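Enquirer: In terms of my numbering, the sequence shown is residues 1 to 190.
Calculated directly from the structure, the hints in this document are not laboratory data. On a predicted model such as this, the values are computed, not experimentally measured, just so you know. We put the CB at the ideal spot given by N, CA and C, even for glycine. It is possible that some hints are incorrect.
What the hints assert, rightly or not - Below are the EDC-like pairs computed for lysine to aspartate or glutamate, each with C-alpha atoms no more than 16 Å apart in a straight line:
hint, residue 1, residue 2
1, 111, 152
2, 75, 96
3, 55, 106
4, 24, 135
5, 24, 110
6, 55, 95
As the list claims (entries may be wrong) - Per label pair, the in silico range of CB-to-CB distance:
hint, residue 1, residue 2, range
7, 60, 179, 45 to 53 Å
8, 52, 174, 21 to 29 Å
9, 177, 84, 26 to 34 Å
10, 186, 64, 52 to 60 Å
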Amino acid sequence: MRQIGNVLISDEAWQTRFACDLSKCLGRCCMYGDLGAPICDEEEQKILSVLDQIKPRLSRQNQAFVSAGISETYKGTLHIREIRANTPCPLSFTDENGIILCSLHDLALEKSLPLLDVKPLWCSLFPVLIKQIDDCWTINCFIPDFCRSQSDPPPLLLSFADLLENFFGKEWIEQVKEQYELEASQEKTE
1 MRQIGNVLIS DEAWQTRFAC DLSKCLGRCC MYGDLGAPIC DEEEQKILSV LDQIKPRLSR
61 QNQAFVSAGI SETYKGTLHI REIRANTPCP LSFTDENGII LCSLHDLALE KSLPLLDVKP
121 LWCSLFPVLI KQIDDCWTIN CFIPDFCRSQ SDPPPLLLSF ADLLENFFGK EWIEQVKEQY
181 ELEASQEKTE
């Protein structure tokens with residue numbers, strides 16, 4: 001475990017090297033689990049504000065489903081509603097190659113919007129897991145068996161450096177990069 005600023009980073013998250021290879025995993029993270037991705041009230045409002053723009057990307061079934069509401073609360077936490085366990089997120093669509101894609105991510109790319117302006121943090125960072133505890137944050141990771149990495153990937157946190165910078169700030173991500181560089185130079189001298 002290490003701490004950078006007010007962020008505790010698990011050894012697993014720090015040491016894991018991973019960069020998603022979407023062409024091999026086929027976007028299965030968007031259908032994993034028995035509960036939709038956790039979101040906060042602000043993220044729910046962001047999704048609702050672009051719902052009309054993403055609906056054309058969705059199947060008719062998903063359009064009808066999200067029209068009845070996009071979220072539900074489970075044990076005090078807001079989540080994106082799921083159609084049923086281990087089925088694609090109702091905000092996703094499948095491309096011609098059978099890859100499950102996020103309509104929110106697609107919209108951000110199309111409109112050149114910052115990803116976190118439309119897509120929930122949990123979804124944007126998966127398999128990186130971030131949790132707030134009091135005035136601190138924790139970073140961990142969970143890489144399911146279906147995840148596939150690109151060959152010779154960077155450290156997991158550097159794979160998500162831009163998003164982590166948007167969330168924790170430029171100074172924080174610079175400290176992360178400096179720590180990785182320091183450790184790499186120490187390994188070379190040993």
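Enquirer: Against this structure, judge whether each hint is valid.
Expert: How the hints compare with the structure:
no.: 1; hint: 111 / 152; in the structure: violated (31 Å)
no.: 2; hint: 75 / 96; in the structure: violated (37 Å)
no.: 3; hint: 55 / 106; in the structure: holds (12 Å)
no.: 4; hint: 24 / 135; in the structure: violated (38 Å)
no.: 5; hint: 24 / 110; in the structure: violated (23 Å)
no.: 6; hint: 55 / 95; in the structure: holds (15 Å)
no.: 7; hint: 60 / 179: 45 to 53 Å; in the structure: holds (49 Å)
no.: 8; hint: 52 / 174: 21 to 29 Å; in the structure: violated (39 Å)
no.: 9; hint: 177 / 84: 26 to 34 Å; in the structure: violated (41 Å)
no.: 10; hint: 186 / 64: 52 to 60 Å; in the structure: holds (57 Å)
In this structure, the hints that do not hold are numbers 1, 2, 4, 5, 8, 9, in rising order.
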